[in-house]
Amino acid sequence: MSDSHYLSATGMRGGYGKADILDNCTLTVDKGQIAVIVGPNGAGKSTAMKAVFGMLHLRQGRVTLDGEDITALSPQDRVKKGMGFVPQVNNVFPSMSVEENLEMGAFIRENDIRTTMEQVFDLFPVLKDKRRQPAGELSGGQRQQVAVGRALMTQPRLLMLDEPTAGVSPIVMDELFDRIIEIARSGISILMVEQNARQALEIADIGYVLVQGANRYTDTGQALLADPEVRRTFLGG
Amino acid sequence: MSTNRQAASASIWRAPVLFAILAALFVLEGTVRNGMFSGSWNTSLAILNMGLISAITALGVNMQWGYAGLFNVGVVGFLALGGLAPVLISTQPVEGAWEAGGPRLLIALAAAVGTLALAAQVRKRLPKWRGLAVTAVLIGGFIIYRWLFDPAATAIEANNPARHGNIGGLGLPVLLSWAVGGVFAAAAAWAVGKVALGLRSDYLAIATLGIGEIIVAVLKNEDWLARGVKNVTTIPRPVPFEIQLQRNPEFLELANSWGMAASTASGIWVKLCYMLLFLVVLLSIILLAELALKSPWGRMMRAIRDNETAAEAMGKDVTARHLQVFILGSAVIGIAGAMMITLDGLMAPVGYNPLRYTFLIWVMVIVGGSGNNWGAVLGAVLIWFLWIKAEIWGPELIALLTSPMPDGNLKAHLLASAAHMRFIAMGLVLLLVLRFAPRGLVPEK
Amino acid sequence: MDILNAVVAILNFVVIPAAAYGAQLALGALGVTLIYGILRFSNFAHGDTMAFGTAVTILATWGLQALGISLGPLPTALLALPVGIAATAAMVLATDRTVYRFYRAQKAKPIILVMASVGVMFLMNGFTRLLIGVDEQRFADGARFIMDVRSFRELTGLKEGLAFKTTQGLTIVIAVIVVWALFWFLNRTKSGKAMRAYSDNEDLALLSGIDPEKVVRMTWIIAAALATIAGTLYGLDKAFKPFNYFQILLPIFAAAIVGGLGNPVGAIAGGFLVAFSEVAVTYPWLKIAGYLFPDWQPGGLLQLLGTEYKFAVSFVILIVVLLFRPTGLFRGKSV
Chain A
831 MSDSHYLSAT
841 GMRGGYGKAD
851 ILDNCTLTVD
861 KGQIAVIVGP
871 NGAGKSTAMK
881 AVFGMLHLRQ
891 GRVTLDGEDI
901 TALSPQDRVK
911 KGMGFVPQVN
921 NVFPSMSVEE
931 NLEMGAFIRE
941 NDIRTTMEQV
951 FDLFPVLKDK
961 RRQPAGELSG
971 GQRQQVAVGR
981 ALMTQPRLLM
991 LDEPTAGVSP
1001 IVMDELFDRI
1011 IEIARSGISI
1021 LMVEQNARQA
1031 LEIADIGYVL
1041 VQGANRYTDT
1051 GQALLADPEV
1061 RRTFLGG
Chain B
11 MSTNRQAASA
21 SIWRAPVLFA
31 ILAALFVLEG
41 TVRNGMFSGS
51 WNTSLAILNM
61 GLISAITALG
71 VNMQWGYAGL
81 FNVGVVGFLA
91 LGGLAPVLIS
101 TQPVEGAWEA
111 GGPRLLIALA
121 AAVGTLALAA
131 QVRKRLPKWR
141 GLAVTAVLIG
151 GFIIYRWLFD
161 PAATAIEANN
171 PARHGNIGGL
181 GLPVLLSWAV
191 GGVFAAAAAW
201 AVGKVALGLR
211 SDYLAIATLG
221 IGEIIVAVLK
231 NEDWLARGVK
241 NVTTIPRPVP
251 FEIQLQRNPE
261 FLELANSWGM
271 AASTASGIWV
281 KLCYMLLFLV
291 VLLSIILLAE
301 LALKSPWGRM
311 MRAIRDNETA
321 AEAMGKDVTA
331 RHLQVFILGS
341 AVIGIAGAMM
351 ITLDGLMAPV
361 GYNPLRYTFL
371 IWVMVIVGGS
381 GNNWGAVLGA
391 VLIWFLWIKA
401 EIWGPELIAL
411 LTSPMPDGNL
421 KAHLLASAAH
431 MRFIAMGLVL
441 LLVLRFAPRG
451 LVPEK
Chain C
326 MDILNAVVAI
336 LNFVVIPAAA
346 YGAQLALGAL
356 GVTLIYGILR
366 FSNFAHGDTM
376 AFGTAVTILA
386 TWGLQALGIS
396 LGPLPTALLA
406 LPVGIAATAA
416 MVLATDRTVY
426 RFYRAQKAKP
436 IILVMASVGV
446 MFLMNGFTRL
456 LIGVDEQRFA
466 DGARFIMDVR
476 SFRELTGLKE
486 GLAFKTTQGL
496 TIVIAVIVVW
506 ALFWFLNRTK
516 SGKAMRAYSD
526 NEDLALLSGI
536 DPEKVVRMTW
546 IIAAALATIA
556 GTLYGLDKAF
566 KPFNYFQILL
576 PIFAAAIVGG
586 LGNPVGAIAG
596 GFLVAFSEVA
606 VTYPWLKIAG
616 YLFPDWQPGG
626 LLQLLGTEYK
636 FAVSFVILIV
646 VLLFRPTGLF
656 RGKSV
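Protein chains in written order, with my numbering: chain A, 831 to 1067; chain B, 11 to 455; chain C, 326 to 660.
Extracted from the complex, chain A is given alone in its bound form (with noise of 0.2 Å):
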């Protein structure tokens, strides 16, 4: 089945034990979108951004960037075909400075990073000030800039977020989010996670609403916004 979209993930079906906890979940995105899933707590918001990592074995579906099958890649393999992956906790190098965090993001590449370093520096400013300083040591916002700092220096198509709004001021979350739309807007595709349903759906191309491992909704992120019905359920009215 030949797919439009840059990356389709369709029909999952897995989990960590015996039971699944992804029940034919799809998600798309299309190039340059982002993508938002949200959802209740155990909904399998995550489960479902680290099968489409690779990072969990999927018994049903299948999951192809820009056309090309990469369902029995490792995560490994899946950064080299242009996916970024920024976990959600654990994602930088804490004794090792800024610079070296970015570097390491982009230990695959054999060319010279310096121009992406330079983007991502103009990205995020208070980086470039702080790139001698060890990641440890910086604000927790401030490290999330890291994180997605790190995972852009490999030149990524496809850039996925695992709530990088946890545990950050609502000002720092908006400036994230901001940034995020910025890189949306070079030509990078969105996937992420979030908790902050509301916010995030704001600027969502495509939001999946996601309820025990299945797709429960699934449209543009004001459309869904304006549903009384998803308002009522999942955003506190």
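Source of the hints: derived by calculation from the structure; they are not laboratory data.
Where is the CB? At the ideal position from N, CA and C, for every residue including glycine.
Some clues are possibly wrong.
Stated by the list, open to error - Computed cross-link-like contacts, DSSO-like style, restricted to lysine-lysine with a CA-CA straight-line distance of at most 27 Å: (1) 911/A / 539/C; (2) 484/C / 612/C; (3) 326/B / 432/C.
Claimed, not checked - Computed footprint of chain A on chain C; a stretch qualifies when at least three of its residues, placed anywhere within it, have a C-beta under 8 Å from a C-beta of chain A: (4) 513 to 521; (5) 526 to 540.
To be verified - Example chain B residues on the side facing chain C (calculated, C-beta under 10 Å, incomplete): (6) 81; (7) 228; (8) 365; (9) 372; (10) 396; (11) 434; (12) 442.
Starting from the known structure of chain A, arrange chains B and C on it as the hints suggest.
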């Protein structure tokens, strides 16, 4: 499922068969005389007796490792500390030693303990300047201790140094000293465990490595305590001397009826007496250990070992349980240490080599089956037998292997180094069992 | 008061020996701490790895001496070092391949790896005995002193002499070079940074495409080189006896833990802290007190502990650190 049942049915017979093979080895050693076996019951029983002491040591280590997953790398120290008990409890008092410096020595040791206790209190109570205050207490205490201790130790060591020069014992029964040996080792274990438990698992291993070396160093260098490297040779015996038996007409008759020379028969008799004593201790410890394991305490111990995080989440004080089992296991090792000195009739600190007394015991526990008491016993006696026999079999094997080689330096070097093969063999056995049969010869039920 | 002579005596009996010993411990502790940082277990075989490397170096030294090759005033062992390092690296890579890799793949508890390292310790101990026996070996040649007591007295006219052995000077110089090279590697090269990244955050290192097996191999090779250099310097300075290399394990562990396991800077600081404490505590200060306070007549030697108890010093330092700051002075890996 079916494979599980198969394994279960096989395991019913597994332990008895292995023990039967082990018994056969000792019978062969006692009866068959050829290149491999000595054909002497005296040799066979001597190996068995030391094997039984190793088995008790292995039981102690197994409590710590098998029940709680604690890695004790200072077994040699706890054995040595236990061995101090027969010297201090059961040897005869040394004339003039107490008068020379006994009370002052006790006061010095009390001052040392008092200093540590005070330092601990200061650390707990003081709101500010804790580090400084604790350091001051420790330095002051150390000076007072040395001021009290040095003259006392010198005086005791100057008392008839050729024969004694030590504080001497209390002249109490030697069997009592076995229990005291356990208490000594338990006290040391409490101190080490208090510090190192509750941290990463590696830290206990390193701390016990240190305490082991220090205890052995103390025994080697504190002449007032147990004459240091001059050794104490007057450990009383719980069994008759061979020479007494050889003078006893009734025994001579018995020897005659066995068809043995009196010298051979008396040796065997003495070793059988020891064997019975050791078996009584061994079986009592196993009985107590098995009862403890089946009690709620034992179930909790195993729950903690299998999933520390879950046990902690259920409100169990994991560190306190670990301390308990560490102390108990060390006490058992201490008892074994006292028994060993009694069997040897000699306290010789130079002999406490960690390769032999710590790591060989570990090979025994791992091979036997960690977590299983009978496994530890089987592993201990078997490995001890092989360790002793490897001294004889190793060179013969090398000689056989090198026999086609021309005489020369290489052959001579290989023949000479056969003794070192034992270490390589033991390392290999440990690694192979750990990898391919991690549950040992007799797995935990 | 005779401050000049006191200073010379302190230099001669405390500072120089402790600096050399500290450099040896630091190199040993660096190996332990690197292995801990990457493979996450305390390697009990490290002492015997040092002994093995030194034994091979000694054999190569004898070979060179038999060929009539020497380094003039420097010990021939320096020329033989690469042979020792290569053999030790091959040895530890072989043990990693046959022993540790299996447990790594299984994600076994660290204590199982510690136990496996005890088995490896037995093996290495046996191999060392096979190679060279259990006796003491002296293999230092070349000039014995950079500065000997007599020339120092003639030079300065002081009563107190000062000896600076070639091996001590060499130990310090080589340790500085090795540490500089190691830090350059860790901080400036891509491979070195990959090692630090892996030590910092294993999962993220995997996501970044760092090959864990390559990092592990590099770690073993570096640890083998450090162990061989530390062991050879220790053997040149004192004498080579396999059992001493088992005993040095305790001060090395103490140094690594004091500095914070997994932290290379801490390992170096820890090595010197342990060495200076050990020497200072076991040195009889009577002579120096005599220079400083000529009127004071103390009763004893002013020695805090007999040299036989030097291991107790490492142990006490270890205990104090575990009690007050289990992650070490320089914040190593978590408790």
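Checked hints:
no. : hint          : in the structure
1   : 911/A / 539/C : holds, 22 Å
2   : 484/C / 612/C : holds, 12 Å
3   : 326/B / 432/C : holds, 26 Å
4   : 513 to 521    : holds (count 4)
5   : 526 to 540    : holds (count 9)
6   : 81            : holds, 5 Å
7   : 228           : holds, 8 Å
8   : 365           : holds, 7 Å
9   : 372           : holds, 7 Å
10  : 396           : violated, 14 Å
11  : 434           : holds, 3 Å
12  : 442           : holds, 9 Å
The structure is inconsistent with hint 10 alone, although it conforms to all the rest.
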